Amino acid sequence: MSFDSPDANKAFRDKFDFPYDLLSDTEKSASVAYGAAAGMDAEKPTRVSVLIGPDGTIAKAYASVKPAEHPDQVLADLKSL
Amino acid sequence: MPLLEVGEKAPSFSMTNHDGANVSSGDFAGKYVLLWWYPRADTPG
Numbered sequence: 003m004s005f006d007s008p009d010a011n012k013a014f015r016d017k018f019d020f021p022y023d024l025l026s027d028t029e030k031s032a033s034v035a036y037g038a039a040a041g042m043d044a045e046k047p048t049r050v051s052v053l054i055g056p057d058g059t060i061a062k063a064y065a066s067v068k069p070a071e072h073p074d075q076v077l078a079d080l081k082s083l
Numbered sequence: 068m069p070l071l072e073v074g075e076k077a078p079s080f081s082m083t084n085h086d087g088a089n090v091s092s093g094d095f096a097g098k099y100v101l102l103w104w105y106p107r108a109d110t111p112g
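Chains A and B, in that order, give the protein sequences.
Counting in our numbering, the first sequence runs from 3 upward without gaps.
Counting in our numbering, the second sequence runs from 68 upward without gaps.
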C-alpha cells in the first residue's frame, strides 16, 4: 500500500510480477489510521506492516521491515499464531 | 501517529487496487491479511 496512483502501482506490480494487490491510499486516511504515516501532510508512508487476524484485531505489528526478509518473517509468525 | 499495536482493532479500509477495483477490509473477514506499506511504487520492498 502506498500513496501512489493505481496506474503507478500497476506498473510496479507488472514489473515485478507481484501476486498480490497493490492498494492506493491516495487519501492517506488508512495509512494515518494504522500509524503507517505521520499525518495527513506526510509525503509518503513509512515502511511498516501489520498482520490483521481473523477476529479483525492486529495480530502482529512490524514497525521495522527489511523487505528481503519480511515475507519469511511473516510466514514464520503465521505458523506460530 | 504510532503504528497500531497488537490487540488493537484494525480500522476498516476501502481502497483502489492496481486494476482500479475496490478492495476493502470486509473482503478479508475471518482471514489473516497483511497490510504492507512502501514509500513509493518501484522502490525496494
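Everything labelled a hint here was simulated from the structure, so no lab data went into it.
These numbers come from a predicted model, not from an experiment.
Watch out, some of these pointers could steer you wrong.
Claimed, not checked - DSS-like cross-link-like pairs, simulated, lysine-lysine; straight-line CA separation at most 27 Å:
no. : chain 1 : residue 1 : chain 2 : residue 2
1   : A       : K62       : B       : K98
2   : A       : K30       : A       : K68
3   : A       : K17       : B       : K76
4   : A       : K68       : A       : K81
5   : A       : K68       : B       : K76
6   : A       : K46       : B       : K76
7   : A       : K30       : B       : K76
8   : B       : K98       : A       : K12
9   : B       : K76       : A       : K62
10  : A       : K68       : B       : K98
11  : B       : K76       : A       : K81
12  : A       : K68       : A       : K12
13  : A       : K46       : A       : K12
14  : A       : K81       : A       : K46
15  : A       : K68       : A       : K17
16  : A       : K17       : A       : K30
17  : B       : K98       : A       : K30
18  : A       : K62       : A       : K81
19  : A       : K30       : A       : K46
What the hints assert, rightly or not - Facing chain B, according to a computed beta carbon distance under 10 Å, are these residues of chain A, among others:
no. : residue
20  : L25
21  : Y36
22  : I60
23  : Y64
24  : V67
25  : V76
Note that the Cβ used here is the ideal one computed from N, Cα and C, for glycine as well.
How the hints compare with the structure:
As the CA atoms of K62 (chain A) and K98 (chain B) are separated by approximately 14 Å, the hinted pair is consistent with the 27 Å bound. Taking the CA atoms of K30 (chain A) and K68 (chain A), the gap is near 23 Å; set against the 27 Å cutoff, the hint holds. A distance of roughly 34 Å separates the Cα atoms of K17 (chain A) and K76 (chain B); the hinted pair therefore is violated under the 27 Å criterion. Our distance criterion of 27 Å between C-alpha atoms is met by K68 (chain A) and K81 (chain A), whose separation comes to about 20 Å.
For the proposed pair K68 (chain A) and K76 (chain B), the alpha carbon gap of about 25 Å is at most 27 Å, so the pair holds. Between K46 (chain A) and K76 (chain B), the direct Cα distance comes to roughly 24 Å. Compliance with the 27 Å bound is thereby established for this hinted pair. Distance restraint check for K30 (chain A) and K76 (chain B): the Cα-Cα separation of roughly 19 Å lies within the 27 Å cut-off, and the hinted pair is therefore satisfied. For the suggested pair K98 (chain B) and K12 (chain A), the alpha carbons sit about 25 Å apart, so the restraint of at most 27 Å is met.
Of the pairs offered as hints, the one joining K76 (chain B) and K62 (chain A) holds, with about 12 Å between alpha carbons and a cut-off of 27 Å not exceeded. Distance restraint check for K68 (chain A) and K98 (chain B): the Cα-Cα separation of roughly 24 Å lies within the 27 Å cut-off, and the hinted pair is therefore satisfied. The hinted pair formed by K76 (chain B) and K81 (chain A) meets the criterion: a straight-line CA distance of about 22 Å does not exceed 27 Å. Taking the CA atoms of K68 (chain A) and K12 (chain A), the gap is near 23 Å; set against the 27 Å cutoff, the hint holds.
For a cut-off of 27 Å, the pair hint linking K46 (chain A) to K12 (chain A) stands: about 18 Å separates their Cα positions. Taking the CA atoms of K81 (chain A) and K46 (chain A), the gap is near 31 Å; set against the 27 Å cutoff, the hint is violated. At roughly 20 Å between alpha-carbon atoms, K68 (chain A) and K17 (chain A) fall within 27 Å of each other, so this suggested pair holds. Distance hint between K17 (chain A) and K30 (chain A) is fulfilled; the C-alpha atoms sit about 24 Å from each other, no more than 27 Å.
The suggested pairing of K98 (chain B) with K30 (chain A) holds, with an alpha-carbon distance near 24 Å, which does not exceed 27 Å. As the CA atoms of K62 (chain A) and K81 (chain A) are separated by approximately 12 Å, the hinted pair is consistent with the 27 Å bound. Our distance criterion of 27 Å between C-alpha atoms is met by K30 (chain A) and K46 (chain A), whose separation comes to about 9 Å. Nearest Cβ of chain B to the Cβ of L25 (chain A): about 4 Å, under the 10 Å cut. The hint holds.
Evaluation of the Y36 (chain A) hint against chain B yields a held restraint, the C-beta minimum of about 5 Å falling below 10 Å. Taking 10 Å as the C-beta contact cut-off toward chain B, the hint placing I60 (chain A) at the interface holds, the least distance being around 5 Å. The beta carbon of Y64 (chain A) comes within 8 Å of a beta carbon in chain B, closer than 10 Å, and the hint placing it at the interface holds. At its closest, the beta carbon of V67 (chain A) sits 7 Å from a beta carbon of chain B; the interface hint therefore holds under the 10 Å criterion.
With its C-beta approaching chain B no nearer than about 6 Å, V76 (chain A) sits inside the 10 Å limit, and its interface hint holds.
Against the hints set out earlier in the document, violations occur for numbers 3, 14.
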